[in-house]
Amino acid sequence: MLDSFALLSAMRGIRDEYVLDTMDVLEYSGEQHTPRRINRKLFSSLLVAAILISLFTVTAYAIYWSLRGTATHSMPETGEYTSLSQLPKVERTVRYPITVPDSFSNGYRFSQLRVDGMADYDDNGDMLREYYVVNVTYTKPNTGIVWLNIAPLHEASADQAVQGADIRQIEGIPVSFRLDTYKFVPDDYEKTEEDSASETGGRFFVTYGADEISVTEIAFVSFDMNNARYTLMVYDATQDDLEMLGQLASELIASGIKHD
Amino acid sequence: MEDAAIVDLYWQRSDQAISETDRKYGKYCHTIAYNICANNEDAEECVNDTWFSAWNMMPDKRPAILSTFLGYITRNFALDRFKAKNAQKRGGGEPPLALEELENCIPSLANVEQRYEEKELEAAIDRFVSTLSQTDRRMFIARYWFLASISEISEKMGYSQSKTKMTLFRTRNKLRMYLEEEGLC
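As they're listed, the protein sequences go chains A and B. In case it helps, the numbering used here puts the first sequence at residues 1 to 260. In case it helps, the numbering used here puts the second sequence at residues 1001 to 1185.
Chain B on its own, in the form it takes in the complex (with noise of 0.2 Å):
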């Protein structure tokens, strides 16, 4: 079924709304989900989730782009209860290695009196993203918005994984570079 049929489903408050949009994507959400939460049940509530969410955000809203608009959603469950049971305890999956990947990029100028707007940092990634060859930019995606493993990178994108660990860096560094000279810290 086309996006824009399943979201008029939503709009017209019909629960196949959600038949349709599990059978579209609920494979793609829940691959989000898990690379997140490292855990099938706790992905499945995340999609669960995201479905509900989905209902009672339609209307008011009428996304451009269904996949992304749950994608979106997921990502941001997936990364709540990440956080939520890394406070008990250190959690599993991707996260921890690329957070830990991150921290490399927070400019050392960064301290406690220093403050950054989140919107702010969000559309700055983005036009940082932007000036990245094609390849830069799909692996730094597939690996900090879709938390894919780096042997999953290099297998899709069919590269080493030393080559794609190599790329990741290097943008690693150029991402530090840009927030330093954006002044977001």
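Extracted from the complex, chain A is given alone in its bound form (with noise of 0.2 Å):
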């Protein structure tokens, strides 16, 4: 039945042309000169975002030469799930079986799912392959999200361990943890003996494109499982982060386990 709340929404028929025209008469238009602050959960979801992808960029690179490149990749079948109950259908659009609990003991909860495409690029800029990607958001009252990222091991990764110096079994899985810290810059940012120095760790990154320097922690935690790799990241993190991390992994891989 048509009720007066539909017909309020469904003003976004209007053509673009039309609401042009009025959004200037009503001088709705013209920057603003103070920059609005940006939310953590925003800021912290684009460099995840970010980051994710310059992961799988970076090991790829290690051990595959003709694989130079990862990005995001335009799919048919993206999009984006507030419950779990379709899973299935997730697991019937990317192909391969995935582990996403409800929750975990320690009181994270599944916020949201995101599938997401996802292509490997060789140095012609030609495509190798491409395919989907599960982004899981985990949150908890009043703490930092947990992200999970799930990607399916191919022919390229299928027999590359997860890498780091902490690489500790968990029901007889390798699981590897990093503590790494990134310093975000902008474009023009040129590097200090202090940051190529530091570099060469191997757990010190300097990422461009921000808007003004910031530096973070990052704990990540990786293991393969069910032809698929895991990645759990915790924003802002420190040493009790990357733990309780390894926490989820051991709940995970149990949940993995009984699921295979």
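None of the hints are false.
Straight-line distance between alpha carbons at most 30 Å, and here's what the computed BS3-like set of lysine-lysine pairs gives: (1) A:183 to A:140; (2) B:1174 to B:1156; (3) B:1061 to A:89; (4) B:1083 to A:140; (5) A:140 to B:1085; (6) B:1061 to B:1083.
Which residues of chain B face chain A? A partial, calculated answer using Cβ under 7 Å: (7) 1031; (8) 1099; (9) 1103; (10) 1121; (11) 1122; (12) 1123; (13) 1125; (14) 1141; (15) 1148.
What the simulated footprint calls covered on chain A by chain B, stretch by stretch (three residues with Cβ under 8 Å from a Cβ of chain B suffice, anywhere in the stretch; the number is not a length): (16) 9-17; (17) 20-26.
None of these hints come from the bench; they were simulated from the model. The beta carbon of each residue, even a glycine, is placed where N, CA and C say it ideally should be.
From the two separate chains plus the hints, produce the assembled complex.
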């Protein structure tokens, strides 16, 4: 039945040129000179997306000479899900089994799942493969977000073990623990000698494209299970967060073994 | 920065895309959200959600007109927020007044057995708006797309408030008749 809210919502059908014309009459256009404070959730989300891509690129780079780039890629069935009841549909889309618990024992609960398209490219810019990745967020009141990225293990990564100085065995699965420092800098930033020296340790990364310089610690825990690579991540992390991710990895692995 | 360059930044996954969008369209989207939410904090959240949504949608999308693309997203977030809050208590701002006004546009034949398709309704409203004179169209869109107040519309368009109210009243009557003729109840 038609109601006034439906009618109000349906105004979105009005063509762009009319909306633009009225926007000018109302004087809603015009730049603002004081930048809005972009909230932490949004800023973290952008950085996490960029970092996950860079992780794929760096690890692939080291092993496979022909692989020169990984980027988000247009795919037909990407989308967001706010309920795990849609998991079977997600698995049909991505074409590999995934383990996504509703909650963890420490109180983190499922918040959102997103299916994204990715592609790997070679030196000439030719696409080597395209595939779906799954990005899940878990939240807990008064704490940060835990990110879970699941990507298929394909030919180029199937025999590439997870890397890192700290590898622990959980249920017979090698699990990599990393606590890295990321320095986000504007495009015109010139690396200092200190930056260059820090980079040689393999735990410090300079990432271009930010508005202003900021430095943060990011914790990663990665492992391979059921033909997929699972990466758990926390932004603004401490050593305690890394251990917490290890606990989540244990629970994921236990669920995955049952799932398998 | 030109819109095409901003869209390119989204496709390059540069977070400069967000700051450029915010610089160019922050005020615009905030105004849309504030008209609906009547609350600065909620409006800020809607704008941030808009930027995040735009980040997730590009790529794949390459919007032809960035301002309306962002405006639609903000409006949807703000209406959702308004609806959620309104489920608990009657919200403030322009939507309750606009909704009350639009009640009169719903054809009297409307009942639970009759259904409409959302897309069909959107298309019908666009067709209806295209039949209006420029002044009537601007007032209608200002009120029911941007949720601008009667006083703001009157001030920006240079009419008295009573003329604005009367024009909108007549346009709503035309809309009701149009929806009846289209069989959208």
